[in-house]
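For reference, the chains in residue letters:
2 protein chains.
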Amino acid sequence: MTEITLTLRPIGFISTPFKSKYAAPRQPATALRKSTGTIKLRPGYNFEQALEDLREFDYIWVIFWFNKNSGWKPMVLPPHGDRKKRGVFSTRSPHRPNPIGLSLCKLVDIKGRSIRIENPDMLDGTPVLDIKPYIPHAESHAGAKSGWIGQSNEQTPRPYKVAIAPEVRSSLKLVDREERREIVEYLKEILTRDPHPHIYRRIKTSSDGNSVIAVKRWRFMFSLEEGTVRVFGVAHDRERGTQP
Amino acid sequence: MTEITLTLRPIGFISTPFKSKYAAPRQPATALRKSTGTIKLRPGYNFEQALEDLREFDYIWVIFWFNKNSGWKPMVLPPHGDRKKRGVFSTRSPHRPNPIGLSLCKLVDIKGRSIRIENPDMLDGTPVLDIKPYIPHAESHAGAKSGWIGQSNEQTPRPYKVAIAPEVRSSLKLVDREERREIVEYLKEILTRDPHPHIYRRIKTSSDGNSVIAVKRWRFMFSLEEGTVRVFGVAHDRERGTQP
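Each protein sequence line maps, in turn, to chains A and B.
Sequential numbering of the first sequence, starting at 1, is according to the numbering used here.
Sequential numbering of the second sequence, starting at 1, is according to the numbering used here.
Please keep in mind that the hints were generated in silico from the structure rather than gathered at the bench.
Errors might be hidden in some of the hints.
Note: identical chains are not told apart, hence a pair may lie in one copy or across any two.
Unchecked claim - Once the Cα atoms are required to be at most 30 Å apart in a straight line, the calculated DSSO-like pairs of lysine-lysine come out as:
#: 1; residue 1: K145; residue 2: K40
#: 2; residue 1: K40; residue 2: K161
#: 3; residue 1: K145; residue 2: K106
#: 4; residue 1: K73; residue 2: K111
#: 5; residue 1: K40; residue 2: K84
#: 6; residue 1: K111; residue 2: K145
#: 7; residue 1: K84; residue 2: K204
#: 8; residue 1: K188; residue 2: K161
#: 9; residue 1: K85; residue 2: K111
#: 10; residue 1: K204; residue 2: K173
#: 11; residue 1: K111; residue 2: K188
#: 12; residue 1: K84; residue 2: K111
#: 13; residue 1: K111; residue 2: K40
#: 14; residue 1: K68; residue 2: K40
#: 15; residue 1: K204; residue 2: K145
#: 16; residue 1: K85; residue 2: K40
#: 17; residue 1: K19; residue 2: K85
#: 18; residue 1: K73; residue 2: K40
#: 19; residue 1: K40; residue 2: K204
#: 20; residue 1: K85; residue 2: K73
#: 21; residue 1: K19; residue 2: K161
#: 22; residue 1: K106; residue 2: K204
#: 23; residue 1: K73; residue 2: K19
Values in this document were obtained by computation on a predicted structure and should not be read as measured data.
Bound-form chain A, shown alone (with noise of 0.2 Å):
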C-alpha cells in the first residue's frame, strides 16, 4: 500500500480554563460547571467571511488536535466506567492512531473571527483543525445504542457525595485560586462518580485501609463512609500529611 499522508495547518486555537488534563472534563456536556472558551481563527484567510450563517445554529462541531499526546495503544481504560480496558475505537480517549479530538459545543456568540462556546473539554491553546454545523436531523439519536459508555456511570446520577475537611482546604490555600479550584473540581468530578482503586484515576489504597488520590503533585486521603467520600488529609509530594 503506498503511504499517503495528510497534512493539516490549525485555522485557530482555543482559549479555554483548562491549562491540565486534570481541570478539562471528559466532554462537554459532563462539565460540572459552566465554563466559556473562545476559538480565535487566524488572521490572513479570510475565516471572517468563511464564519458567516454559523451564528444561527444551537451547536458546533469542533475538530481538533490532540496536541499534548503522543502515541496510542490499542487498550485503553477509560477514566469513567468499570474500570475495564476497552479497545481505543470505542472510546474518546486522545491517545488516538491520528490525534484528532471531536467536541459539540454551545455556541454562544461570533465577533469576527473569534467564536465563543458554553462547557469546552479542550485544555487551553489547542490547535483547532475545523469547525462544521451540528445537524439535528442526521445526528440526533437520543435512544442509539452506545455500548459501554452507556452502562458506564458517564451518564447515571453520580453515586457518592464528597466532603471535604476544612483543614485540607486550609491546606489548599498554599496553591493559587485557580489551581485551587481547578484541583476540587477535579477531586469531585472523579470521587462523586467512583472513589475505588483506579490506575488511570490514581486512586490506590494505603496500608491503614484508607484511600489516596493523586491530583498533580498532591495527594488526597480519604474513607468512604455509606455513600459519603471524605477527603480528611492532603500532602504535598514528599512532605507529610495534614491530618486531623
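Place chain B on chain A using the hints.
Showing chain B alone in chain A's frame:
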C-alpha cells in the same frame, strides 16, 4: 505565529457504491436508497484490538479525508437550500481549509479489521482517519436550531415528483447498469428537492423555456407541470437529444 503542522496517515479506506460525487448522498441520513459500505483498516497495527467494544454501539463517527478535493473558498453554494452562498464553516462542504469529513454512520457489523456501515456518504476509496463511538447523551440535540440548514429543504418533504419518460430510460440502456442506476438516483435526488436553475446543481433554463440538468456528460431535458418534473429528453455530450 509559528507554523505548526499535523501529519496524518489513513487508518484504512472505505469501499462504497459511489464512484463519483454525482452518486454519493449529501449526508448519510439523506440517502434515498439503502446502501452499505465497508471500512477496511490497515493490517499490522493491532487495529483488530482497537475495534474491541465498538460493535455494541448503534452509530459511529467516521472522520475521513476529502482526498478528491483541493482548494477552498470562504463562501460556498450548497447543493440544497435557497440558492444563497454560505460561509464554508456553516456548511458540510468538502471544500474546506482542512479537508476533513465527518459522518455519523449506522454500524452494521464488525469482523476483524472490517467495519460494515449503512448508507455511507463517502466516495469509494476514501481514506479514513479516525473512528469514534457516538455518545447519545452528549451528542443528541433533536431540537437544536440549525440555521440555514434547518430552513432549507434538506429535511422537509421532497415537494416534487419526478417522471422519467420511457424513451429516456431506453436511451440510458447504452450505459452499464451501475452507472445507469447512479444517474437516475442522482436525477431524483436533485429534482425531487428543487428543479429550479442552480449553478452547482447544473440546472439551466433552455431557450425553448424548458430546463436542462447536466449529470456527468449527459444532459436531461425536463419540464415542470404542477409539482411533477417530466424528464422527456436526453443527450450525451454533443450528440442531439432523444426526444419523443
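Hints violated by the structure (listed by number, smallest first) | 2, 11, 15, 19 and 22
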